[in-house]
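There are 2 protein chains.
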Amino acid sequence: MTQINRRSLLAGSALAAAALPVAALAKAPPAGKQAAGLYRYKLGDYEMTALYDGVWNRAIDDKFVRNVAFPQVQQALADSFLPTDKLPIPFTTLLVNTGARLVLLDTGTAGQIPGAASGSMPENLAAAGIAPAAIDTIVISHFHPDHINGIKTKDDELVFPNAEILVPAPEWAYWMDDAKLSTAPQALKGNFLNVRRVFKNVKVQQFEPGKEVAPGVTSIAAYGHTPGHTAFAVASGSQSMLVLSDVTSHPWLFLRNPEWQPAFDMDGSLAVDTRKHLLDRAAADRMLVQGYHFPFPASGHVTKSGANYDFVPVMWQLAI
Amino acid sequence: MTQINRRSLLAGSALAAAALPVAALAKAPPAGKQAAGLYRYKLGDYEMTALYDGVWNRAIDDKFVRNVAFPQVQQALADSFLPTDKLPIPFTTLLVNTGARLVLLDTGTAGQIPGAASGSMPENLAAAGIAPAAIDTIVISHFHPDHINGIKTKDDELVFPNAEILVPAPEWAYWMDDAKLSTAPQALKGNFLNVRRVFKNVKVQQFEPGKEVAPGVTSIAAYGHTPGHTAFAVASGSQSMLVLSDVTSHPWLFLRNPEWQPAFDMDGSLAVDTRKHLLDRAAADRMLVQGYHFPFPASGHVTKSGANYDFVPVMWQLAI
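Heads up: the protein sequence lines correspond to chains A and B, in order. Count along the first sequence starting at 1, add 369, and that's the number in my numbering. Count along the second sequence starting at 1, add 369, and that's the number in my numbering.
Any given hint could turn out to be false.
Repeated chains share a single entry, so a pair holds when one copy, or any two copies, can fit it.
[Unchecked claim] Below, a list of computed lysine-lysine pairs in the PhoX-like style, where the Cα atoms sit at most 25 Å apart:
id : residue 1 : residue 2
1  : 572       : 396
2  : 673       : 523
3  : 411       : 455
4  : 411       : 396
5  : 549       : 455
6  : 645       : 432
7  : 673       : 396
8  : 432       : 411
9  : 402       : 580
10 : 402       : 558
11 : 580       : 558
Hints were generated in silico from the structure; no laboratory data involved.
Hey, can you work out the whole structure from these sequences and the hints?
Written as structure tokens, this is what we have:
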């Protein structure tokens with residue numbers, strides 16, 4: 370059998386390059402861009418569409434996971450073929466077409482996360498053949514900018530002009546509390562102000578977690594990541610699934626190590642409890658899950674082995 | 370925290386359905402179909418496009434893996450959230466745009482696998498903006514129908530009219546040998562005849578595995594799956610990758626259990642040796658791999674733990 374290694378491959382490549390005719394061009398130029406990031410599946414009578422918004426390659430250091438030494442985090446990143454000095458954090462929103470209503474769970478970034486290569490959700494929605502004006506309902510999981518900034522353009526225009534906007538009541542209570550803003554640590558103040566910017570002159574309806582927020586979409590209190598962070602169960606016909614929101618960020622890190630407390634989680638200990646509770650349920654019931662920061666299409670199943678979990682991505686289907 | 374389970378989800382759904390206005394329809398109808406299956410990435414100066422051709426949900430029984438009891442196979446399927454009575458076998462071809470040439474590695478099924486939901490590669494090629502006539506070179510890994518049938522339509526027209534077609538010499542020698550056809554077991558005769566149908570009146574060039582077959586694309590003898598089965602190394606600039614062809618079929622089964630001998634592998638023992646040799650290399654060098662029967666986009670990395678391997682799917686990138 371031919372022995373291959375990097376050296377022989379590169380030698381082969383150099384030879385090939387030398388032999389290339391100079392002026393020849395392929396009959397199709399390189400596209401230079403990624404294909405549309407949308408993925409559809411059925412849940413009972415509902416049609417679900419995962420819409421990719423992009424990725425934030427966030428620089429990380431020894432403060433990124435509070436309760437674990439950084440080399441251990443870097444090893445987990447290397448084991449997952451990810452860079453060890455930054456975490457690629459993808460964003461994927463989920464659109465539920467109930468047949469009667471278009472319900473969007475979180476809105477993406479609108480390209481308003483400094484340093485992130487994101488904001489492609491509206492483009493992917495267009496590729497799915499859906500106009501922003503067709504969205505009936507937006508349901509927000511929590512008030513971090515990558516989940517709410519897509520509500521408005523940079524010029525404060527509503528992106529989805531006809532959509533009612535539903536937000537978790539405890540999330541609203543926390544971030545709109547001027548007393549909490551005034552005593553917040555400096556690192557949090559920006560988020561308080563961003564929440565105020567996004568929701569200024571915007572009509573919202575608050576919901577209590579545990580209630581149904583749209584037909585077949587039930588909110589689930591999942592506190593810890595933020596004070597009012599909410600997951601969702603979606604059910605149609607005999608099928609149901611769990612939308613994890615930010616119960617866990619990148620699965621290769623935080624499903625495999627559910628005790629790790631990322632700096633994103635405002636109450637790290639409560640977030641660990643929430644994570645284990647919902648992941649136990651997902652694993653035991655073999656439920657389909659969708660994770661906002663899971664690799665696109667961000668859909669799959671959770672397994673449990675001992676005290677840890679793992680993620681089995683869904684197989685891309687040809688028909689839905 | 371709200372307790373959720375299947376029963377409460379379904380109850381919620383039933384209530385929701387009862388409350389729905391009867392005549393209301395969403396402003397966008399369900400699409401009813403999957404999004405285009407194409408995924409682009411850069412390898413040095415080359416632009417790679419993974420093109421999804423579909424999936425064959427192949428019924429399996431205790432003959433499917435020769436050297437393992439069927440319940441063990443079924444457990445591995447269940448652990449991967451796959452059905453236990455059939456294996457979903459996806460097909461993904463790989464297009465290499467070198468800038469000067471469009472090189473297609475294997476051709477998909479052309480919808481000519483009875484019972485398979487496949488043949489979407491040309492549609493996805495069109496979605497990528499590439500005409501079939503633009504393909505300069507087709508390189509075939511081996512002569513199973515899901516790899517060669519895409520060369521011709523059912524009416525024996527060439528699908529890629531301008532492409533030169535390169536095939537492994539040992540594969541040609543085996544399947545075109547009338548003596549081997551006449552003594553072949555009944556189950557293999559159909560494949561001998563299909564090979565003759567596909568290549569009838571088609572001009573091909575044979576290559577010896579180990580040779581460069583297109584600029585930067587080097588063939589690698591990977592015998593066992595078939596007598597002349599071939600993998601490929603692709604290199605451009607400082608980057609290289611390994612195209613596994615059918616060195617391993619579904620990774621959740623045969624990367625995790627490299628000693629398992631699927632009925633597809635004509636020489637099961639030799640195929641195991643080849644599998645371990647190439648997977649060892651891929652894991653040690655942390656090479657990007659593409660697997661023809663891996664879940665779309667069929668691209669990622671191989672890890673090794675003890676005697677077994679695992680697959681880490683690539684993270685979908687927004688920019689390429």
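Results for each hint:
1. 572 with 396: Between copies only: 21 Å across, 52 Å inside.
2. 673 with 523: Cα proximity of residue 673 and residue 523: none, with 42 Å in one copy and 47 Å across.
3. 411 with 455: between (35 Å within a copy, 20 Å between copies)
4. 411 with 396: between (38 Å within a copy, 18 Å between copies)
5. 549 with 455: Classified as neither; 31 Å inside a copy, 56 Å across copies.
6. 645 with 432: Within one copy only: 23 Å inside, 40 Å across.
7. 673 with 396: neither (49 Å within a copy, 40 Å between copies)
8. 432 with 411: neither (40 Å within a copy, 33 Å between copies)
9. 402 with 580: For residue 402 and residue 580, neither the intra-copy (41 Å) nor the inter-copy (31 Å) Cα distance is at most 25 Å.
10. 402 with 558: neither (36 Å within a copy, 44 Å between copies)
11. 580 with 558: This pair counts as neither: shortest intra-copy Cα distance 30 Å, inter-copy 62 Å.
Comparing the model with each earlier hint shows violations of hints 2, 5, 7, 8, 9, 10 and 11; every other hint is respected.
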